[in-house]
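With the hints as a guide, bring both chains together as one complex.
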Amino acid sequence: MSLLDRMLAVDRRWIFLLVAAAVTVPLFLELEQKIEVTQESRGVADALRALPAGSRVIMACDYDPGTAAEVQPMAITFLKYCLSHQLRVIIMGLWPQGPMQADLALRDALRDPAVAALNPQYGVDYVNLGFQSGNEVVIQRMGSDIPAVFPRDSRGRPIGEFPIMENVRNFGAVAYVFNISAGYPGTVEWIQFAGDRFHAPVGSGTTAVSAPLYYTYFPRQVTGVLGGMKGAAEFEALTGFPGKGSRFMLSQSFAHVVVILFIVLGNIAFFLSRRRKRRAEGAA
Amino acid sequence: MSVNLGVWVGALLTLGILSFLYRDNPVYKVCEAIFIGVSAGYWFVSLFWQNIQPKLYLNLRGAVETLASGGGIDSRWLYLIAGVLGVMMLMRLLPKAGWIARWPLAFIVGTTAGLYLITYLQSNAINQIHDTLVPLVGRGEGRFLFIALPFHVDWAALLVFIGTVSGLVYFFFSVEHTRLAGKTARLGIFFLMITFGASFGYTVMSRMSLLIGRMDFLVGDWLGLVH
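Listed in order, the protein sequences are those of chains A and B. Following the working numbering, the numbering of the first sequence begins with 13 at its first residue and continues without gaps. Following the working numbering, the numbering of the second sequence begins with 705 at its first residue and continues without gaps.
By construction, these hints were calculated from the structure, which means they are not laboratory data. Misleading hints may appear alongside valid ones.
What the hints assert, rightly or not - Which stretches of chain A does chain B cover? Using the computed rule of at least three CB atoms under 8 Å from a CB of chain B, they are:
{"hint": "1", "segment": "21-35"}
{"hint": "2", "segment": "219-225"}
{"hint": "3", "segment": "256-267"}
For every residue, glycine included, the Cβ atom is placed at its ideal position computed from N, Cα and C.
This is chain B alone, in the form it adopts within the complex (with noise of 0.2 Å):
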């Protein structure tokens, strides 16, 4: 068993939150409450330590100490007005003054727009799209289940491709959903369900192997039953 006084704080904490698969009590109450109380404290600390005395602070002091030794305004001086733009953002706090808040934040989203409209575009379109339209027929041999077919056939290719269309044409509302669209519209249904099913039975290991590594630290580091 750890001699480790983290270790134990570590795994009596892991116990309390477990402990609310059995029923809702104040053990776990009191983990969940240390757990945000830890989260909100480290992330606050973090930031000011990351952003607001590196980035904010020493840049505008030595910004002012140049200028304070005749060395002229320089660039760092623009920090200045992100330092505005953040306390800007504080006046959300005031009920009169929540209206500035919109500023700092049309200046996020604008930026933000800006800087993803072409990443998304080249990224997530045209080369997602370059991608999906690669040859499905090409010379040589080629196989289905057992017979040999004259010219090669890429499958998963045509597998990506038939998917796509079908499940475009689910998303395509300008055209009644009936007969041949209506019949692509339902394939295109079938490739979503396995994608979200997919998309589960990942998030099912993903939760599982957070459990694995927590038991695997009651067990091991804590314990001491598995090396």
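With the rest of the complex left out, here is chain A (with noise of 0.2 Å):
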């Protein structure tokens, strides 16, 4: 058997194997991988150091374990930037998943040290206010109502014994809505309705898979994307935080370079047979 058929009857098991080892032995090693900011970007980061201390944020959590991996190191960085600049943070979703997912990224921003510092309390600072069901109508319902929509938080405890609930009455009383998004409902919700109709700011972080979606409506129906591991890897870079996003990106590029390589090899290897075929037939 030729090279060339033994590159064309590859098992597809070893590609699986060298993928696996291009993921892998990355988060072993040490090196950083410069990160460059794209505009989409630096979209959200330049929303948010706009905003004075004390302006009320939405965190909306439109995700689930399954994309944790992309965009939770988003919803990391963003409430420590928050709650280390004094930003006041109210988080919910609409996903039942969504706000547990942000407890576990609250529990990991407190830990850093410049937030750690200020000392930031619940229900002063940031709350939960959980899970709603009724995907777009919420957000909907949110224009003119908030208290009416989430009465109490995440914990069961009416919303009127937190500080940071005080006057918010709607959008209006929200600077700004960081919404993390896995798909439906998501960002497009969050742009057409609390965006486009009630007109409060909305910047998203999202999956890879539905980034390319979201860029029609930067710059000005969103203030910024931030596109799947990528675009958590600029966010920390942006902001100062690096984290996990980070850390991934030279396990992302090792993985890219294999299926690359891959693409090539097999391109290659499809027209030097198809050559062969011809010749062959050619000769006959």
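Below is the structure:
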């Protein structure tokens, strides 16, 4: 069997193994990869930087553990930045597991020295309103009456107890909405209802699969889009809170190199085999 | 190595699912069945406690108590309509009464269409058109490669404009795709292919990210080899 035949007949499990190695080995390396920041990611960071201390921001967590590898670093970085810059964070979710993921992100964010130094308090500096069913209708209703949609927080306490929720009636009391999205309901609905209908500034952190769909709304309908793990790494670089997004970029790059290599080899093998077949047909 | 039972269960189930990459096997089947079962159970419990109990049961109970104490009929009785529509939806399970489920479905389709008619028109049509119709050329100095231009050119906007027009021409079937229309449509195909390619690239990146997350869980949280 020639090399060409071997290339065409390679068992795909070898490819799986190589991809697994390409992803895993860099996790053990202490190398840092340079992160090129895109305009779309910069838009989120710039919007946050423009907010004065004490502003309320909504972090809408519309994702679940299935996509946490991509978007959880964004949630952690967003919380770290907001809490260390005295922005008050209202957490909520249109996906049942979203606010639970936010609790995990909070746990990580509160450990950061810059955040811990300010000792943020639940109900004063941040609150988790939990999940509310109803998809985009929830956003629509929040435009007129947030307390009616979220009468209690995720722990069942009335939101009237919390200073952070004082005088919060609708999006007018919120300076920025950051939606972390893994599909429907997600960024499209936040743009359509909170952004375009109620004129709330919306930013998005999303899975890489969804990112191309949301770039079309940038920059007028959405202030910025963090696309996938790369977007998370860019956000970490912009805010100065390096985390898993940056650490995983090396694995991401190695995996891409393997994929590209196999695409190139596969195409070379395909064209060579086609030429050999034509020659054989010509000789016959 | 982790001493957390939950982490061990997660790690073994992850390995069980990944074993499919070698070949289909009973361990994979078990892990798949567990995943489907747990998901279905989780959603059932979640929807019950997030919807039926707080929104239907508690509201209707409150409405009944108000009525019983002489407070009259309040707006919470409207939840009864939602409850009835929900029960009607379940009629699909009965072969002879399946047609009843069409009524709540019609309600859902109607309300969704009403909700989205203006929303999509505003967000995905008018605002998108508005963002595409931007000045392509303006005052000031511009540059094309190494050549200085006496006017400013927004190259990104120009590219979007060409891509939008040629893409629309490709989907405009009232004119035969020959001569200028044919060439423009062909250019539109290039733009569409580049778009699909970019989407595919992002999809690969997304899947790799999920794999990285799992691998980090295995070598970090489970085996404790990476901190």
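Here is what the structure says about each hint:
{"no.": "1", "hint": "21-35", "verdict": "holds (count 5)"}
{"no.": "2", "hint": "219-225", "verdict": "holds (count 5)"}
{"no.": "3", "hint": "256-267", "verdict": "holds (count 5)"}
When held up to the earlier numbered hints, the structure conflicts with none and fits them all.
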